[in-house]
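Number of protein chains: 2
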Amino acid sequence: MDQDVKRVFNFSAGPAVLPVPALKQAQKDLLALPGVGASVMEISHRSKTFSEILEKAKANVKTLLRVPDNYRILFLQGGASLQFSMVAMNLLRGSGKPADYIITGSWGGKAAKEAKKEGTVNIAWDGKNENYVRVPDRDELKLSPDAAYVHFTSNETIQGVQFPAEPSVGDIPLVCDASSDILSRPIPVERYGIIYAGAQKNIGPSGVALVIIREDLLERSSETLPSLLNYKLMAEENSLYNTPPTFAIYMIMLVTNWLLDTFKTLERVAENNTKKASLLYKVIDESNGFYKGHAQPKWRSNMNVTWRLPSEDLEKEFVREATSVGLTELKGHRSVGGCRASIYNAMPLEGVETLCAFMKDFQQKHG
Amino acid sequence: MDQDVKRVFNFSAGPAVLPVPALKQAQKDLLALPGVGASVMEISHRSKTFSEILEKAKANVKTLLRVPDNYRILFLQGGASLQFSMVAMNLLRGSGKPADYIITGSWGGKAAKEAKKEGTVNIAWDGKNENYVRVPDRDELKLSPDAAYVHFTSNETIQGVQFPAEPSVGDIPLVCDASSDILSRPIPVERYGIIYAGAQKNIGPSGVALVIIREDLLERSSETLPSLLNYKLMAEENSLYNTPPTFAIYMIMLVTNWLLDTFKTLERVAENNTKKASLLYKVIDESNGFYKGHAQPKWRSNMNVTWRLPSEDLEKEFVREATSVGLTELKGHRSVGGCRASIYNAMPLEGVETLCAFMKDFQQKHG
Chain A
-4 MDQDVKRVFN FSAGPAVLPV PALKQAQKDL LALPGVGASV MEISHRSKTF
46 SEILEKAKAN VKTLLRVPDN YRILFLQGGA SLQFSMVAMN LLRGSGKPAD
96 YIITGSWGGK AAKEAKKEGT VNIAWDGKNE NYVRVPDRDE LKLSPDAAYV
146 HFTSNETIQG VQFPAEPSVG DIPLVCDASS DILSRPIPVE RYGIIYAGAQ
196 KNIGPSGVAL VIIREDLLER SSETLPSLLN YKLMAEENSL YNTPPTFAIY
246 MIMLVTNWLL DTFKTLERVA ENNTKKASLL YKVIDESNGF YKGHAQPKWR
296 SNMNVTWRLP SEDLEKEFVR EATSVGLTEL KGHRSVGGCR ASIYNAMPLE
346 GVETLCAFMK DFQQKHG
Chain B
-4 MDQDVKRVFN FSAGPAVLPV PALKQAQKDL LALPGVGASV MEISHRSKTF
46 SEILEKAKAN VKTLLRVPDN YRILFLQGGA SLQFSMVAMN LLRGSGKPAD
96 YIITGSWGGK AAKEAKKEGT VNIAWDGKNE NYVRVPDRDE LKLSPDAAYV
146 HFTSNETIQG VQFPAEPSVG DIPLVCDASS DILSRPIPVE RYGIIYAGAQ
196 KNIGPSGVAL VIIREDLLER SSETLPSLLN YKLMAEENSL YNTPPTFAIY
246 MIMLVTNWLL DTFKTLERVA ENNTKKASLL YKVIDESNGF YKGHAQPKWR
296 SNMNVTWRLP SEDLEKEFVR EATSVGLTEL KGHRSVGGCR ASIYNAMPLE
346 GVETLCAFMK DFQQKHG
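Chains A and B are the protein sequences, given in the same order.
Per the numbering used here, the first sequence runs over residues -4 to 362.
Per the numbering used here, the second sequence runs over residues -4 to 362.
It is possible that some hints are incorrect.
Identical copies carry no separate label here, and so any pair may be met within one copy or between two of them.
[What the hints assert, rightly or not] In the DSS-like style, the derived pairs of lysine-lysine whose C-alpha atoms are separated by at most 25 angstroms in a straight line are:
no.	residue 1	residue 2
1	43	1
2	43	259
3	277	355
4	355	287
5	23	1
6	227	108
7	112	360
Since the hints were made in silico from the structure, they are not lab data.
Work the whole structure out from these sequences, hints included.
Next comes the structure, spelled out in structure tokens:
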């Protein structure tokens, strides 16, 4: 095995950079887990070994996010996109109530679109006309008094817009798509009904979604739902109703082990993330308009930093030159263009510093 | 890296043994794919590198199964269990027709149960009263003349009952759960409407299902379905509507590369599987009733060999002693008891020979 394997600084929005210690551990044991004699990919999901992996992954998430005891932690398939439907199938369909959606970017819009197939959706706020540059103030929200739930997207990966804190919605269950900022900072889980997140940004590889759900909400799941889409059944079966994505859950265990070993708390994870994001925003803010940040400063994301250059040609050149020096995946999402640096937990400070230096050089050369 | 890593012979029914060359390749490149500088788990599903992986995996499946051009090859999440629902949501719901289900074991029963949530199900045959020891003759099937489709399970993993060939059902689309015998033998794909299979037995790790669907059936998918559960949309998007389980698809590529390198054709894969199964059935048949096979000989499975011993205590002792000499996961499914050896494509002949020798010794000692 080549110990000096050449790795780039990978700013992909997801699937995204993973912590090297987690990858190395997975690599070491890929042919045979110690004491087992088979790869983690080859063992039964009902074996003692996999049970321990699943429970450790859950325990790590519970510790890091300080999940209260009346919440269940599930690992489900289909990514956040299937959660768009599952939330609405379990909590909206047949409820006789509307669901409120706060839309601050592309993903919130997609979540609302899927929910409309299952019941009445009230758009409580939509930043589309402002090109998704901010999150709403509390008094801008048109909430329904009797909503089945209120849905929001804590961090919009494509636009780079992040809620500084969750909206306050009283006793209505708050449902959050936290795909791109889960585990990046502490959140008061007790204020949420459901938090869900595709793993492939801050938690692990693609192919698994983390779902944290308050136990009383499980009673809303109808028996008429497909078994795989029924939160209550999946909770009763501890995510083992059928074969779960075992390798992806194993990677979540390794990634959360790394978070606990390296940072201990999400407060310290958040400090590190703020430091990294501040460096990049400083370069943007001090570029005299050469780099134009997309989101308004108060709501810009610590995870996905988005910006434009003076022309699309320069944006292409920026991405090309960056790639050539090992700074990869800086192209903005195909739906909005521009540039984007995704700097999740596993992106080292050195990667951000290297990108900052490159950006200053690029401006000097082309500005 | 320890090149002499100790591996057991793992007879798990799934997740199951994988080919060592595929695991070694994955291990070698786990920190960085050559020329990419990032793990396959860390790269965008829309990157050129992953596109090539996806297309190679599809091409390998197409070559091995000789899939005609009017079929689409999809990689979806949720395993075969979500396919139980997707088949019925896309082809049965709203069709005004019944769907016929042929039930030859536990999984067929589960498939029918999920389908009943979506529409009218006609049980064309159910082997339950005979304890699932065989598949039906053609003239035993009570087929509906106007069925939306006929569903069967080509190999019942728990009971070890396998169809020697698919049932003939005329022009009605034939839908097959082939989870535990896909790629184990050639099949005439052109006689099928849909073939689906959870990957974790013969194709790769858990967390992905292979779906092969005839193009004209895509027109039956309603726009009211959740996007992730809509075959037509998933086919239009080439399995990339949202982030697919990229690592699992990469492993499918490596496993099918290995099949092509080692066997070239499924005819030769089948020869090898028949040889392995015959060795085990010979030990059972020549044990003077010490080992009792579950399925009737004509329909017993080449993938999952199931048998009982004279007592449950002896079965426990058998599993215990086998495990102690590195023959693992031989316990039958918790729902039926007994013993089971799953001998998928990746189980080497040596593993089966070692098990046969152990079984003869065990009988001498305890018979």
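Comparing the hints with the structure gives:
1. 43 with 1: between (36 angstroms within a copy, 19 angstroms between copies)
2. 43 with 259: Neither: 27 angstroms inside a copy, 37 angstroms across copies.
3. 277 with 355: within (11 angstroms within a copy, 74 angstroms between copies)
4. 355 with 287: Within one copy only: 14 angstroms inside a chain, 75 angstroms across chains, cut-off 25 angstroms.
5. 23 with 1: both (18 angstroms within a copy, 13 angstroms between copies)
6. 227 with 108: both (24 angstroms within a copy, 18 angstroms between copies)
7. 112 with 360: Result: close neither inside a copy nor across copies, 51 angstroms intra and 64 angstroms inter.
Checked against the numbered hints above, the structure violates hints 2, 7; every other hint is satisfied.
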